[in-house]
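One line per chain: the protein sequences are A and B, in this order.
Here the first sequence stands for residues 1 to 429, numbered as in this note's numbering.
Here the second sequence stands for residues 430 to 889, numbered as in this note's numbering.
Hint data in this document are derived by calculation from the structure and do not stem from the laboratory.
Quick caveat: nothing in here was measured; it's all calculated off a predicted structure.
Backbone N, C-alpha and C fix where the C-beta goes; we use that ideal spot for every residue, glycine too.
Treat the hints with care, since some could be wrong.
Derived coverage of chain B by chain A (criterion: at least 3 residues anywhere in the stretch with Cβ under 8 Å from a Cβ of chain A; other residues may be distant) [what the hints assert, rightly or not]:
{"#": "1", "segment": "687-696"}
{"#": "2", "segment": "699-708"}
{"#": "3", "segment": "716-723"}
Here are the simulated distance ranges between beta carbons [stated by the list, open to error]:
{"#": "4", "chain 1": "A", "residue 1": "Glu240", "chain 2": "B", "residue 2": "Thr768", "range": "29 to 35 Å"}
{"#": "5", "chain 1": "B", "residue 1": "Arg521", "chain 2": "A", "residue 2": "Glu48", "range": "46 to 52 Å"}
{"#": "6", "chain 1": "B", "residue 1": "Leu838", "chain 2": "A", "residue 2": "Leu221", "range": "49 to 55 Å"}
{"#": "7", "chain 1": "A", "residue 1": "Leu159", "chain 2": "B", "residue 2": "Arg835", "range": "45 to 51 Å"}
{"#": "8", "chain 1": "B", "residue 1": "Ser708", "chain 2": "A", "residue 2": "Ala187", "range": "42 to 48 Å"}
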Amino acid sequence: MPTREAVVIGGNRIPFARANGRYALASNQDMLTATLDGLVARFGLQGERLGEVVAGAVLKHSQDFNLTRESVLGSALAPTTPAYDIQQACGTSLESVILVANKIAVGQADSGIAAGVDTVSDAPIAVSEGLRTALLAANRARNLPARLKALASIRPSYLAPATPSNSELRTGLSMGEHQAVTTREWAITRQQQDELAAASHQNLAAAYERGFFDDLVTPFLGLTRDNNLRPDSTVERLAELKPVYGRGESEPTMTAGNSTPLTDGAAAVLLGTREWAAERRLPILARFVDAETAAVDYVHGDRKADGLLMAPVYAVPRLLARNGLTLQDFDFYEIHEAFAATVLATLAAWQDPDFSRDRLGLAAPLGGIDRSRLNVTGSSLATGHPFAATGARIVATLAKLLHDKGSGRGLISICAAGGQGVVAIIEAA
Amino acid sequence: MSNGERTSRGAPDKYRDLMNTSIGRTVSARIGLPRPALLRRFRAGDALLPGPLLLGGNGLTGLAQALTAAGAEVVTGEAAGARGEHPPSADRLGALVYDASELDGVAGLAAIREFLAGSLRRLSSSGRVLIIGREPDGTDHGWDAARQALDGIVRSLGKELRAGATANLVSLAGTPSSDALQSLARFLLSGRAAYVDGQTLRVAAVAVDAPADWATPLIGRVAVVTGAARGIGAAIAEVLARDGAKVIAADLPAAGEALAKVANRINGTALQLDVTDESAAGTLIRYAGERFGGLDVVVHNAGITRDKLMANMKAESWDPVLAVNLQSQVQFNAELLRTDGLRPGGRIICLASTTGLAGNRGQTNYGASKAGIIGMVRSMAPPFHGRGITINAVAPGFIDTAMTHRMPLASREVARRINSLQQAGLPVDVAETVGWLAWPGSAGISGQTVRVCGQNWLGA
């Protein structure tokens, strides 16, 4: 089937807010609707019927089963714009970009919005599994005695609510504890992590100062910048923080400063064909080139090679091979900073000859990257990380970087819960 | 509630509303309280005037036809007299228009007295008195004296009129086309000019293009409004869009949330931009070119206040006010001149203030910036004229906005009443004047400052 180019036209996000702060009373739908409306306002898309809007949230209330469609209906887009929800943990909105781009490429859509949203503050709280089972049994019962019998099975302990956690279901370990294992296995030092974290804050602050985000961010609920940002962050200050993960180890290195905080926020990317953009005199920032996903067996696999957040390490070489590229053929690298150590372990793995030979099947390692091209306008350590919003944030940011440069290629790498990874390439258009 | 009331985001005028209840009317009549009228404001589809237009004087060919084309039911003194009737009292006059274009001396003013004195009592609520004269030009000293006297008539008459009626003078340099006259009438006689009072507008005879549809005179025009996120700027964006323009709503990045809502309400686009950046003009011109193929209308509305008595005025209160309110406009307009950033027929409209005319205690910085704008438009009108571009200032008086809502009650109430209409204007009143200056028919107006102040006691 002949394919068409999908281009990135622009993006919009709301400033990200640390959990239980500025957006404590905002729902996913509030944030996603505001983000869509900001995008509509930026590009004059009022009343426009788009091919589709694809978005998702990791933490989602059961009544939000149609979150994206409901948000579209509440937005200034044409109500005839279809929408659907997806969810791939922290890879959600990069995956939604891939889905929209692919539909455009095969001719099933001319335009679309890929987005993601998450709130930790307004997280769903469910009834316990025991209570739920009992209530469903009572509902099934055909007569009063049977119903009473079912209800009688409820124990006081069932009344405790079930709150969502970011622990992996199959290991019971939090993401941070998983990363702490990987960090140790790859011998990532505290100093390295703090340097990466400080650079993220400094880069993000500098980008805000020069107005880089003026056409990428629309304020929300009075917040005008990501409130996790600490422009004065330094390695020295970060060095003062106490470790929070891997505390059972002899020399724990992961702190609140070099790990992303829980965050609320939303982000969106507008994609289309070149023709669709040109008809509306819309800018074309970059073209979507290709993407790859991977997963690791973090439950049973090797402690070093199959860490929970290591899947992008496997996805990238496959993507490079398919596109005939080397790791050094990029002008920008956007590696999601779930933890500073995630980025550093990823880079270390690509430079490790044994790992590259044994696990990636490569005669030679992918090699190192020019660190001055990494997360040049900051990443999740500084912006914060509303799980499903991060991919769209990165795609819009990178597309603008490429457009401003006028040429070049960028690599996106995002790790996700469940041992998954989503990676993609975009190029200046 | 009128369209204008809904557009306002200022404090409701409870006093005015009370005085317009039956009890309020009785009380105010007994004890002589001022009774501010509910002003007639423009709504699409409304008649131009609430009653017939009585036309007096003579001289301008095609004036009656132009007024009729604008939507007025024109009657003349002779016609009404010949039928042995005055328009019946139920049929109050919507406007009194006097053509004084052939006024040739002080003695000629008597005819104007006769016309007005005989018909003013029949003027309806929110009626209009409009005198059309000529600019003093030095040809004849007697003529010039009489022409200037017209200004004195409307200024005093404005203070006499009640029930929301206004009096204005159009002073012609040359003979305007029928379309130019129609354009003037569609603004000054309609509810669009509800808060324009006691004012002289100088109109040059410049060729004007009639819009294809007078309901959307700005169709095909691309307009940018700075400070568009709220208040007067948002109202301007809405009026320009209603009149057919494609609107770029610009404001500081920090105001983006409200800005996006404005843009989405009017099918425009939101542009987050700091107008004090040296690159702002270039960015905007490029943006308008890329996204819309060019730029026709620039409305400089972004402005701030940092009130301090001069004795206490520090640089941090002075500098930003001058930078945002004045320097950014000078810089921007110079860039428009330098780069041909506006298409022919373009319009630049700069928000001044009656503070720039009358001064205001605690506002030397703000007053300087707003007076500076008045000087700027006067100075820049000639160089822009060669490209068919006009540049004017609009000077709002006391307008109800979120900003005035924060004033102490007593000060606000006083400020509201000290004008001929005894009430504050609404953001939409300023917006309508800005919109009208952007119309193709306003090509003959440049370098001027149009007050939207209800004939404020200060500055008018």
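Hints, one by one, checked against the model:
Counting residues of the segment 687-696 of chain B whose C-beta lies closer than 8 Å to any C-beta of chain A gives 6; at least three are required, and the coverage claim holds. A count of 6 residues in the segment 699-708 of chain B with a Cβ less than 8 Å from any Cβ of chain A is obtained; the coverage claim is therefore met, three being the minimum. Given as covered by chain A, the segment 716-723 of chain B passes the check, having 4 residues with a CB less than 8 Å from a CB of that chain where 3 are the minimum. Range check, Glu240/A to Thr768/B: about 52 Å between beta-carbon atoms, so the 29 to 35 Å window is missed.
Arg521/B and Glu48/A have their C-beta atoms about 48 Å apart, which keeps the hinted 46 to 52 Å range intact. Taking the beta carbon of each, Leu838/B and Leu221/A are about 30 Å apart, not inside 49 to 55 Å as hinted. Evaluation of the 45 to 51 Å hint for Leu159/A and Arg835/B yields a pass: the beta carbon distance comes to about 50 Å. Judged by the Cβ atoms, the range 42 to 48 Å given for Ser708/B and Ala187/A holds: they are separated by roughly 47 Å.
In this structure, the earlier hints numbered 4 and 6 are contradicted, and the remaining ones agree with it.
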